[in-house]
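Student: As a plain string of letters, each chain reads:
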Amino acid sequence: MSASTPVTPETSGGPVPQSVGAPQPMQSTAINHRKPPRSHGLLGLLAWVIGILFALPVAWMILTSLHSETDAATNPPRIFAPLSLEGYKAFFDAGPWPALLNSLTASVLSTLLVLLLAFPAAYALSIRPVKAWTDVLFFFLSTKMLPIVAGILPLYLFAQKTHLLDNIWWLIVLYTSMNLPIAIWMLRSFLAEVPVEMLEAAQVDGASLVRTLKDVIAPVVMPGIAAAALICFIFSWNELLLARVLTGTAAGTAPVFLTGFVTSQGLFLAKVCAASLVVSLPVLAAGFAAQDKLVQGLSMGAVK
Amino acid sequence: MSAATIDAAGLGRRRAMLLVAPALILITAFLVIPALWTVYLGVTDYRLTGIQAANPQFVGLDNYRAALVDPAFRNALWLTLVFVFGSAIVGQTGAGFALAWTLRSVPKIVRTVVQTLVLLAWILPSSIVAFLWVAYLSRDDGTLNAILHTGGTDWLLAHPMLSIIVFNTWRGTAFSMLLFSAALGAVPPSQLEAARLSGAGTFAQLRDVVVPHIRGHVLTNTLLISLWTFNDFSPYLLTAGGPNHASEVLPVFIYNEALYGGQLGYGSAISFIMLFINLVIALFYVRLLRERR
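Residue numbers (the working numbering), protein chains in the order written: chain A, 215 to 518; chain B, 410 to 702.
Some clues are possibly wrong.
As the list claims (entries may be wrong) - Chain B stretches covered by chain A per the calculated footprint, using a threshold of three residues with CB under 8 Å from any CB of chain A:
{"hint": "1", "region": "442-452"}
{"hint": "2", "region": "474-487"}
{"hint": "3", "region": "522-534"}
{"hint": "4", "region": "662-673"}
To be verified - A few chain B positions that, by computed beta-carbon distances, are all more than 10 Å from chain A:
{"hint": "5", "residue": "Asp471"}
{"hint": "6", "residue": "Ala544"}
{"hint": "7", "residue": "Asp563"}
{"hint": "8", "residue": "Asp617"}
These are computed hints drawn from the structure, not numbers from a lab. No residue lacks a Cβ here, since even glycine has one placed at the ideal position from N, Cα and C.
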């Protein structure tokens, strides 16, 4: 019984999100009411400690990136060393712009393509669950589980034969296919909550398919679209294995550039930390801009 | 039983198919066909260079036979199981649940901040987190050695498996935490309250009230993170499989064998074995999902 209950709390009135991760307010008051405040303090402390432990490597990265090379090399790390931007300067002097631009192109274009293909597909799949449709959905879901490393040899050989090696469009197409299943699965769970009356109304009004999708459905499931877009963007931006194998100097993405940079400059911690921070900025921004949507999208995509 | 079995939007069968087709074609072309091609390559002696590169021969199941008796492959398979068990099933599930359980009764601001910090580890590019951990664990100027006063210990060389297990736990806990938070949010508070009033301790509450409610989520979570960990390539960035194959999990083994060593046929056979194990886990998962609806 419980297993069949969707995780989303009943957000009556459409799929408007509330972070699924957060317990309902009612609940927490019930808990607050009962528990002695002291155990709060302890749990709170524990939570902080875990949080800080998790953040430690990242905090170290940010701090080191702002130190001079000599201060960065001291052990234990000097926390209050004077700040300096020389690491950033050195990184940008190394010419990272083509790689950053490649990453941006690949991530943004593949995300747009994913949305363009996934949204209509998810729509058709969610409003017309003919028997075979369920199989199609599960087909999508199961491809989400293919290990990239298992398909990488054919992808490499194909690119080699068709001269697509080191071509950014090859990466874009692959990132699009790689993220499509996740996006469809996620969007479908959002679309499943669109009230049927709304679709009927659109039909009665005689709205065309494109219009229905664009003006009726899209606004309602915007949070889902945003969540899917963010996840696709983050996955493409972070992807390393395909980029590493399939690109070279021309189409190399930021993570590829970075691994090269680490290999050649690994001893210069400030430089590498500055580089890492710059490369992570887009995903950090994307992640923070919509943390609750990300949370919702992930848990819905995974569980429903 | 979602939406409608009737065609509420009047979409029609043909148009519905038209909407799904492009996605289906793309996924088939670039995910499914490469996987099938892997199956084909696995029964040839294809190599990256040399005679076999130009004219690969059909060798039947030779690659599979070779794999079964190859100590390096068995080693990789075993290490992968250890890696999945240690970092996904024990590490991420354990830490994720502990966090979710702890965070539900702390003030909202603490919860938000801690969740954000944990999520940080999950969204950063693997190339970066790998470098951070290499620096953290390194021999002479590593932060861990400075903290523990164990100067000179090279953690990645001395304890490669432990290192990648801890690394992957840190990296992936966010997903389990979020999923369990959502699951715990759906446990009826009244039942917990009742258990508490009747004097049940934390452990008894977990066992009698929480676990029965979230069993489905635990299963989903375990299967998903097991698959991801099983296929995870990032250990390569920490240890490259070394020292002396001591942390060579299957994806790293394939990479080293096929792309670095040029043995495409053999690498493909191993890939197919991986694919097969994935498929078994995935089918199990899909079955469970179906039963739940």
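Student: Now, for every hint given, state plainly whether the structure supports it.
Tutor: Now the hints, each set against the structure:
Against chain A, the region 442-452 of chain B contributes 6 residues with a C-beta closer than 8 Å to a partner C-beta. That satisfies the three-residue criterion, and the hint holds. Closer than 8 Å: that is the beta-carbon criterion, and the region 474-487 of chain B has 0 residues meeting it against chain A, so the requirement of 3 is violated. Residues of the region 522-534 of chain B lying with their CB closer than 8 Å to a CB of chain A number 12, which satisfies the three-residue condition for coverage. Counting residues of the region 662-673 of chain B whose beta carbon lies closer than 8 Å to any beta carbon of chain A gives 5, which meets the minimum of three for the stated coverage.
Every CB of chain A lies more than 10 Å from the CB of B/Asp471, the least distance being 17 Å, so the non-interface label holds. Non-interface call for B/Ala544 relative to chain A: violated, since the shortest CB-CB distance, roughly 7 Å, does not exceed 10 Å. Distance check on B/Asp563: its Cβ is at least 14 Å (rounded) from any Cβ of chain A, clearing the 10 Å threshold; non-interface status holds. Listed as outside the interface, B/Asp617 is consistent with that label: its C-beta sits roughly 13 Å from the nearest C-beta of chain A, beyond the 10 Å cut-off.
Consistency with the previously given hints fails for numbers 2, 6, ordered from lowest to highest.
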